[in-house]
Amino acid sequence: MQLWLIPILPLLGFLLNGLFGKRLSRPAINAIAVGSVVLSFLWVLKTLSGLGAFSGGLEETYKEHYYTWIQSGTLNIGVDFAIDRLTAVMLMVVTGVGALIHIYAVGYMAHEGGYYRFFAYLNLFMFFMLILVLGANFLLLFVGWEGVGLCSYLLIGFYFLEKFATDAGNKAFIVNRIGDFGFALAIFLVGIHFGSLDFGTVFGQVKNMPVEASAGIFTAISLLLLVGATGKSAQIPLYVWLPDAMAGPTPVSALIHAATMVTAGVYMIARTSQIYLHSPWALDIVAIVGLTTAFVAATIGLAQNDIKKVFAYSTVSQLGYMFVGLGVGAFSAGIFHLMTHAFFKALLFLGAGSVIHACSGEQDMRHMGGLRKYIPITMFTLLCGSLAIAGFPFLSGAASKDLILEAAYEHAPWMYWVGVFTAGMTAFYVFRAFFLTFFGEYKGKPAAGHGHGHDDHGHDDHGHGAPHESPAVMWIPLVILAALSLGGGFINIPHFLEPLFPAQEGESARWLEYVATAAGLAGIGLAYLFYVVSPGLPESLANSFKGLYNLIYNKYFVDEFYDATVVEPVVDGSRQLLWRVTDMRIIDGLANGVGTTARGVGGILRRAQSGYIRSYAAWVLAGTILAIAYIGFMGAAR
Amino acid sequence: MTLLDIVLFLPLAGFLLLMLLPKQSSRMAALVISTAVFIVSLGLLMPYWFQYPSGHTFTTDLPWISYPPIRYHVALDGLSLWLVLLSTLLTPIAALVSWNYIDHRVKEFYAFLLLLEFGLIGVFVAMDLFLFYVFWEVSLVPMYFLIGIWGHERRIYAAVKFFLFTMAGSVLMLGAIIFLYNRTGTFDYGQIQGMIQTGSLVFDPRTELLLFLAFFAAFAIKVPLFPLHTWLPDAHVEAPTAGSLMLASVMLKMGTYGLVRFCLPLFPEAAHRCAPWIAGLAIIGIIYGALVALVQPNMKKLVAYSSVSHLGFVVLGIFSFTQQGLDGAVYQMLNHGISTGALFILVGYLYERRHSLEISAYGGVATPAPKLAIIFLITTLASIGLPTLNNFVGEYLVLQGTASANFGWAVFAALGVIFSACYMLWLYQRAFFGKASESLSHHMPDLTAREWAAITPLLILMVWMGSFAQSFLPSISVQNAAILDQTKKLRVERVAIPARQTVEVSRAR
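Quick note, the sequences are listed as chains A and B, same order. Using our numbering, you'd call the opening residue of the first sequence number 1 and step up by one each time. Using our numbering, you'd call the opening residue of the second sequence number 1001 and step up by one each time.
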């Protein structure tokens, strides 16, 4: 089926734009960048229909082997791609949403420098993301995993003249490396215990093992994989990089830091579900990590003023839901939410991008307001996305979130209640953003001619005056994503994934759904009350709970905590203790001490230290001759 | 006369020829000769391209000095093949990067470069212990001059330090070689190894340990293994670009090559006994080197300390005594040669433009010199082990092998992978990102054609070795399997003989 074409097409796009982009015209760059991803999407469609994925087929894994990558001893790692139904969902999401975001980016980046560089990186990202989902062994998954991390680093730091952008890029890469440390150790354990990294071989062996027999090793592998997943999918304790990652251009935030890359951890856990199912304890940890993250991130989201930061914390929180789904054993619900989230979160980010574009680079919602008059299409699409994430009945977000919450209730009712409360908060902060942006009076820069005021994100076009609607190349993707956000819940992913993840038994009570929906509606209503009906209320509330407000406004001071406990001790310790003391004083001091002593003792030898290199060479020669003579003598004496 | 002899002696001939040629033509002559050597050396691949012989190829065994019986015995196997090719590839590159950099005593410089190549190739192909020692010393002298004559301000200090550290180790090794000769009556590596294999040469554990340590000291200093590494940062900072390149890429591999070639098969029992200690030092080196690299204000020092960290992986892989560990270690020797070599070249490019090695003298280079920035980025990524680039394969194999030997070691060693990202990305950010100052923009032209020519082969190899490792690994793997087999078989036999009997055997001799 030529699966290799799927990732190779974007790679070609990357190479063409990366090598020749400087000399190409913008339409040519667009054609290469967008065309390669669209072609890849079409090839995915053709492959999947060829494999019968749309007509009840593809129950078994389909695999292609290309060449051996690494062979050492009995360990053989091939470049193999495989498709099963899980991969099929991922491929559709990645290439489908990816193509839409590429198209949008043509409009969004139109006024930016480094145009070809941007699209080259974006194509490279698609290549690695597709390797990640297609790879048929742990190491290939890891290749994609690190590769998307690289692209994330490059695109976060796209505005490399700004220190905050490159700082954010470094932070993303390094925090992810900490996660990858766990992932790598898990791979080593798999290699040791199964003698192979191939998914088919490993899971085949795992399947036949009893659940209790060697739970220790399964728990170890599962937890180490989870460390990796918390890095890439921004879960506690490694979520700190994602909010900063918003320093990148908005299409990047939509594609990489919302719809696709950050879901890699969810995909990875679903992929290795056989191992997790052998360690119920590890699954519990997954659920608890997810639930805690969902809750904590939602609370932070309540008080953010930067529109992209709100959606960033919302992404962290929604990823937490997916982890809850995985952790309570509802893998297909987790993947379902992954897909619907890709639709509505990509939409929210692209919509936010459209708002930022309209306000000439402004990201602070306190300087927006009243935009519904200026950018109606953006407003309606954003409304669709907001309703979807808030769990409005029958929309995509509700469908997948309810499945997760129901499974959580089966597992442990308290998890359900925390989840429902979080859903309420989610609806509140998303609509807070929506109302702050579109309702009330416009509080941004006054129409053309007046000063630039408080614009510190000024990388966009200036001086346009009143906010303006985005061009069609931007709003058409928005409309498509809006349609998917509304109707995506009717794509029955759990049923599609049944060959991989057997359906949950029994019907859950209807009231679980009603309560969750009510929580969402309550959140929307509260936001309406706070930000439309009586706009003074939030401030007085924040004043009366000053301590709590400051705590969440400052994101619980987690960054400061990490800086003080990890970053600074490592850097200072390395500088003072290791370099200045151990290296320069102790080791070198000793070595130089030996030298000085020797010099002091051998007065005659001082001549040897004449400083003329020629004489040193003479000494080497003399030494060698002496050695040979000595050996000759020794040999004679034998 | 085999192809190997030609590859070995061509650089020496070039060295002599350069002495005779007029000064003006020495640059071009050195480039032509070293390129020719590289092209000829590609012929060495022939027996290894379609099949993977486990024994020696291209053997020449002639008497050199009749008494004591020192022989000119050279041969190639899967281990030395790639190191020879690395040497022959990097010498013309070193000549290219020195093109404008070296502006005084040009003739001597290029002559020494070729002499260095001669010594390095010799070290990797010598199958006679004394011949090995001779080449070991021969390679030392030109490097000493490269640092001492064409280095920066503190070049004499650095050169002498380099020389004394290395000499301290090699004296011990010489002693051990002579001891071996006295016991066996031969310097021939193959014969001595055969005697040990068949059990006709047995050491009591104490002697074996001492012999092992004598060899080990020489190699560990060269690697360099923590805490014997402090000569390296000084040598690198003071050396000219070509010196740093050859030193990091090839010379350090003499140490790790020696460990694999001599320490393991000749003294397996002692090697196993010391392995936990050595692995400990290697792991300390990995983390320590990375942490110290993190805080270096000087680019070359940073790269030097990163070498300490990277070479720690190699030593760790060797002393994991696993197929993957050893394969990874040898692969990593080559990888380090390619990617750290490239880093030194690029740092050299920056230095030629701005005449400073301090990171703080840069910042924003990506704006005036985007191509240089991209190349530096790719090299950085190779160095921090990004998959699809070369270092990843080696690091993965080393860690996988180490993990199966001792999972705890792998946990600590893998920490080094985190830190490597920290110091390299931080360096990259400070040097290349941000706004470029006026003066920097004026002195930062982008890459020239000559600079491209020097760096492109290395870039190609980074991708090739990272994505298609099987072009290189099989011949290495076969050779390592043989070495592991020798190491293992001996241990099994030793264990089978009761302890007392061993002592008696050794006394009876």
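Bear in mind the hints are in silico, worked out from the structure with no lab data behind them. One should not assume that every hint holds.
As the list claims (entries may be wrong) - Ranges of calculated distance between the beta carbons of each label pair, as one might list FRET restraints:
(1) A:I8 / B:F1050: 24 to 30 Å
(2) A:P499 / B:L1415: 39 to 45 Å
(3) B:Y1101 / A:P569: 53 to 59 Å
Claimed, not checked - Listed next, the stretches of chain B that the computed footprint assigns to chain A, with coverage defined by at least 3 CB atoms under 8 Å from CB atoms of chain A:
(4) 1091-1099
(5) 1357-1369
(6) 1403-1409
(7) 1415-1429
Model, not experiment: these values are computed from the prediction. Each residue gets a CB set at the ideal place from its N, CA and C atoms; glycine is no exception.
Status of the hints after comparison with the structure:
1. A:I8 / B:F1050: 24 to 30 Å: About 28 Å separates the Cβ atoms of A:I8 and B:F1050, which means 24 to 30 Å holds.
2. A:P499 / B:L1415: 39 to 45 Å: Taking Cβ atoms as reference, A:P499 and B:L1415 lie about 40 Å apart, which means the hint holds.
3. B:Y1101 / A:P569: 53 to 59 Å: violated (40 Å)
4. 1091-1099: Coverage by chain A is violated here, the residue count being 0 at a Cβ distance below 8 Å.
5. 1357-1369: With 3 residues close enough to chain A, the hint holds.
6. 1403-1409: holds (count 3)
7. 1415-1429: holds (count 8)
Hint compliance for this structure: hints 3, 4 are broken, all remaining hints hold.
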